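Residue numbers for the sequence shown follow the working numbering, so the first one is 683 and each next one is one higher.
Because the hints were derived from the structure by calculation, they are not lab data.
In this text, all values refer to a predicted model and were calculated from it rather than measured experimentally.
Positions of the beta carbon are idealized from the N, C-alpha and C atoms, including for glycine.
Be a bit skeptical, because a hint or two may be false.
Across the chosen pairs, the derived CB separations fall in these ranges [to be verified]:
no.	residue 1	residue 2	range
1	I815	K696	53 to 63 angstroms
2	T739	I969	45 to 55 angstroms
3	N906	D791	55 to 65 angstroms
4	K757	F898	46 to 56 angstroms
5	K846	D791	41 to 51 angstroms
6	R899	E928	21 to 31 angstroms
7	R863	K941	17 to 27 angstroms
8	N723	H773	14 to 24 angstroms
9	N896	K927	19 to 29 angstroms
10	K927	K757	34 to 44 angstroms
11	T739	N712	28 to 38 angstroms
12	S982	H773	33 to 43 angstroms
13	K696	K846	36 to 46 angstroms
14	E876	E745	33 to 43 angstroms
35 angstroms max Cα-Cα, derived DSBU-like pairs, lysine-lysine [what the hints assert, rightly or not]:
no.	residue 1	residue 2
15	K763	K972
16	K940	K915
17	K872	K941
18	K719	K931
19	K812	K763
20	K774	K872
21	K786	K846
22	K707	K927
23	K885	K902
24	K874	K803
25	K925	K711
26	K774	K883
27	K846	K819
28	K927	K915
29	K888	K927
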Amino acid sequence: MINALKNKDLTFCKWLNLWIDEISKGTLKNGTINNYKIYINKHIEPFFKDIVLEELTAGMFNEFCNHKLLDVDVKSRVSEKTLRNIYSMIHKSLDKAVVEGLLKYNPSDYVSIPKGNIKVKDVMTIEEQKSVIEALKGETLDIGILLALDLGIRLGEILALRWKDINFDRREIYIRNNLDRNNVLQENGKNKVEYVLSTPKTKKSKRKIPMNDNIFRYLKNEYNIQKNKYGNKIGNYFVVSVKGKEFTKPSVLTNYFKKVLKEAQVRNITFHTTRHTFATNALNKGISPKVVSEILGHSSSVTTLDIYSHSTEWLKRKAIDSMM
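Turn these sequences into a full structure, and let the hints guide you.
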């Protein structure tokens, strides 16, 4: 297949699709493949069109990056995070093209994407946290909110939790799966949203988290309720689910969260803010960044410190004070 493509008719876009469909088959998750397809169809093809692979230059990629960040047409712009994802895909595919002898060097090696300013993460105040907890009424979906607020678990990880992932004896929760949202490109050019269970994206995301007393009580109570409702064999049943065997879609939990916020008279915030709140609370209480990183499932404590730098200023002061 590769040898047959060693000609001047191989376009950049054709190579990208080949790299995804054939060469990277089995190494990429379905969600990643679908996202890559969207990047190609929506962003790369309109810009690069029929440019031949071996004619690519670093200048073209720099122009592409500037176009995607600063285009007059706001609709064609992407965030810096999305641009980095697109660049990562391009760079990997061109590295492979070099290995296969289709290129002498990778022109995207010489592209520099500017770093954006790190935004301070929005977190809930102590009063807001108390108000939300007081507004909970013992519904199954309440557990989803508490798992995020008390343990910092991601939305997709919460919705993928099954009772076999809960160890009451050891008081531990095992994060083994994630509910992924896949954008599947249809033949008509429109995207169709599908949800699938998959393994966590990184090794560090697959982890075990100890339960505090509050979470233990809530989970134990819900477990007994579901066991009485469905029978003893509920290991494969979902923890945060109103239908037991069926997972709950993210929109169901996030809409419920908005309803709780309204009843608690708390400002409109995203569900992910609960995770930021947990991390900030943990760091402010003196828990080491390494431990917080492990609970959150970050790739390293450096990631945690970068994201929550606003919460670690006092750690610096404490360190300096302890040396006096």
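Starting from the hint list further up, note which numbers the structure goes against and sort them upward. 12 and 21
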